[in-house]
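**Q** Based on the hints, put chain D in the right spot on chain H.
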Amino acid sequence: MPVLELRKLSKHFGAIEALVGIDLALEAGEILGLMGDNGAGKSTLVKIIAGNFRPSAGDVLIEGRPVHFHRPIEARDAGIEVVYQDLALCDNLTASANIFLGREQRRRVGPFQLLNEGAMHARARELFVELKSETRPADLVKSMSGGQRQAVAIARTRLSQAKIVLMDEPTAAISVRQVAEVLDLVRRLRDQGMAVLLISHRMPDVFAVADRVAVLRRGHKVADKPARMSSPEEVTGLITGAIRAA
Amino acid sequence: MTVERTDNKPVGLTDSQTPVPIGGQKAWVRILSAQSSWVTVAVAATCVAMSIAYPRAFGTEENFFNITRNFSFIAIMALGETLVILTGGIDLSVGSTMGVAGVVLGLAMSHGVSFWASAAAAILAGAVIGLVNGWLVSYLRLSAFVVTLGTLSIGRSLALAISNNKMFYEFGPDQRLLLELGGGATRGVANSVWILLILAVLLGCALKFTAWGRHIYAIGGNENAARLAGVAVDRVRLSVYMLCGALSAVAAILIVGWLGSVTNALGLTYELRVIASSVIGGVNLMGGEGGAYGTVIGSVLIEVIRNTLNMAGVDPYWQGTFVGLFIIFAVLLEKVRGLRLR
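Chains as they are written, first to last, in numbering that gives the first Met the number 0: chain H, 0 to 245; chain D, 0 to 341.
Isolated chain H, as found in the complex (with noise of 0.2 Å):
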């Protein structure tokens, strides 16, 4: 069974088409790149899994069973931990906190409520080590490297167990030689088990990567295939429309 699964799954803003009728299944260890010009339905998809839209028609399941999230908190607690392009952290805080941000450890003192600083530390550095990220907890985020920031953001999707990691154009904005660094991250995560829906613009990035390619024109799909039947020429076509379908 497919760990999520969207049907028939349509979204329109007043007469805008932004998705029409789309099918998509993605199974547990796998990653799925996602593709498609600007305007094709991407961010518009990952905003109905990730619960900031609800769909206009169709349906999201979960491991079989239908969803509707009215707020994102609801999708992280049903499994979906999403990887926002601007990445989402506070830079004025250490990676831990990051981490741990809306769900602290805490634990009691008399009559009091404190973090737990010392559980968190380790749990993230833990989550460090299982990712073979240099990120060290107790560094502010805004001391470090974008690949480290990554490591952050993808720590935080790995603390509950989450089925589902939804990533929004992780390597748009990092260098070259970090881009390598959170493609072996995101192969990371796909090795312990998560389904993994990968947003890109950049082709040799999700070639690299995916396991299924998809890509999306007009909030149509036209292509879902495994990525070694595909080519980047190939999406490349299919994105422009050179090519109608594949």
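Rather than coming from a laboratory, the hints here were simulated on the basis of the structure. Note that this is a predicted model, so its numbers are computed, not measured. Please note: incorrect hints may appear among the correct ones.
The calculated EDC-like cross-link candidates involving lysine to aspartate or glutamate, where the alpha carbons are at most 20 Å apart (straight line), are [unchecked claim]:
#, chain 1, residue 1, chain 2, residue 2
1, H, 141, D, 61
2, D, 207, H, 116
3, D, 207, H, 138
4, H, 162, H, 36
5, H, 162, H, 138
6, H, 131, H, 183
7, H, 224, H, 36
8, H, 46, H, 90
9, H, 46, H, 58
10, H, 141, H, 90
11, H, 162, H, 125
12, H, 46, D, 222
13, H, 46, H, 76
14, H, 141, D, 173
15, H, 46, H, 168
16, H, 7, H, 76
17, H, 162, H, 116
18, H, 224, H, 210
19, H, 162, H, 29
20, D, 207, H, 90
21, D, 334, H, 90
**A** Frame of chain H, contents of chain D only:
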């Protein structure tokens, strides 16, 4: 730290045999780079210099008592202001809130209401003004600057209206308690200073050791990220404005006890000194940086400078210029530190 890429090592893998300092940055580096540390040095240096220059006037117990009492009222308000600024907001209405709270206290006590009931009413009045500020800023998403500029005006006018422009100096049966609390001393230190210290320690701990404090910094750092992470941004922000209003009221009660009277001009223009204390103490107006200790030491510095200028015989008309220069200097210092970090 740079990592050499070798064939058998994945990118970004740190050598697990290399011990990594647990605190990330070493503690002394953090302390040295904090603005509050430099302000502390400035305060200490000024005090030493003044004690040598004016041993009979400055280094006396009486002057110490005066300085500490004088800054305690401002510092208590500045603690609340710091919370607001940490979330990326600002509260310009603290002076007017003090005025309203003072008038409420004076009115109640002059009608024979007990001190504790009157003080509760004053703190409630402060919290209500904070509630209005916080609600407008959090839930209607209005600019904190404009909203609190509005309540600055409303509060001052309320103080006039409630007091009917009368001065209160008869405080009923509990008058002694009020005057003792605000003007008295315990173990040679003014009571208002003790209360400041207790509040500063409490707030400092809350900021550092509770999820509420962590969330205040998160909101100032990246409100959107905090929201996405499930932080109750609006509720935390509301609580911060209410606390700021309540602390202005606490300062009002103490200062009324010290002055022995209330006029509707109580706290007029205090917002400037309050914000200056926070900023000089290293609280970043953009939000997310600063703390309780810096706030207190910032208000100490302002008072020590004022005191120094008085003793050095500098025309009091020039005091504002010096305080203003220190504010600008504080912001400059922050800019320089920011550049170094990049």
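**Q** Would you mind marking each hint as holding or not holding in the structure?
**A** Here's how the hints hold up against the structure:
Distance hint between residue 141 of chain H and residue 61 of chain D is unfulfilled; the C-alpha atoms sit about 46 Å from each other, more than 20 Å. Distance check on the hinted pair: residue 207 of chain D and residue 116 of chain H sit about 10 Å apart at the alpha-carbon level, within 20 Å; holds. Distance restraint check for residue 207 of chain D and residue 138 of chain H: the Cα-Cα separation of roughly 16 Å lies within the 20 Å cut-off, and the hinted pair is therefore satisfied. The straight-line distance between the Cα atoms of residue 162 of chain H and residue 36 of chain H is roughly 27 Å, outside the 20 Å bound, and the hint therefore fails.
Only pairs whose Cα atoms come within 20 Å are accepted, and residue 162 of chain H paired with residue 138 of chain H is rejected, the gap being roughly 28 Å. Distance hint between residue 131 of chain H and residue 183 of chain H is fulfilled; the C-alpha atoms sit about 9 Å from each other, no more than 20 Å. Distance check on the hinted pair: residue 224 of chain H and residue 36 of chain H sit about 18 Å apart at the alpha-carbon level, within 20 Å; holds. A C-alpha spacing of about 24 Å is found between residue 46 of chain H and residue 90 of chain H, which places the hinted pair above 20 Å, so the restraint is violated.
Taking the CA atoms of residue 46 of chain H and residue 58 of chain H, the gap is near 14 Å; set against the 20 Å cutoff, the hint holds. Only pairs whose Cα atoms come within 20 Å are accepted, and residue 141 of chain H paired with residue 90 of chain H is accepted, the gap being roughly 5 Å. Proximity of residue 162 of chain H to residue 125 of chain H is assessed by CA-CA distance (about 19 Å); at most 20 Å being required, the pair is judged to hold. A distance of roughly 19 Å separates the Cα atoms of residue 46 of chain H and residue 222 of chain D; the hinted pair therefore holds under the 20 Å criterion.
For the given pair, residue 46 of chain H sits about 16 Å from residue 76 of chain H by alpha-carbon distance, which is consistent with the 20 Å threshold. A C-alpha spacing of about 53 Å is found between residue 141 of chain H and residue 173 of chain D, which places the hinted pair above 20 Å, so the restraint is violated. For the proposed pair residue 46 of chain H and residue 168 of chain H, the alpha carbon gap of about 13 Å is at most 20 Å, so the pair holds. Taking the CA atoms of residue 7 of chain H and residue 76 of chain H, the gap is about 24 Å. The hint is violated against a cut of 20 Å.
Pair hint residue 162 of chain H plus residue 116 of chain H does not hold up; C-alpha atoms about 26 Å apart against a cutoff of 20 Å. Distance check on the hinted pair: residue 224 of chain H and residue 210 of chain H sit about 9 Å apart at the alpha-carbon level, within 20 Å; holds. Restraint check: the Cα-Cα separation between residue 162 of chain H and residue 29 of chain H comes to about 11 Å, which is no more than 20 Å; the hinted pair holds. Under the criterion of a C-alpha separation no larger than 20 Å, the hint pairing residue 207 of chain D with residue 90 of chain H is consistent with the structure, at around 17 Å.
Restraint check: the Cα-Cα separation between residue 334 of chain D and residue 90 of chain H comes to about 16 Å, which is no more than 20 Å; the hinted pair holds.
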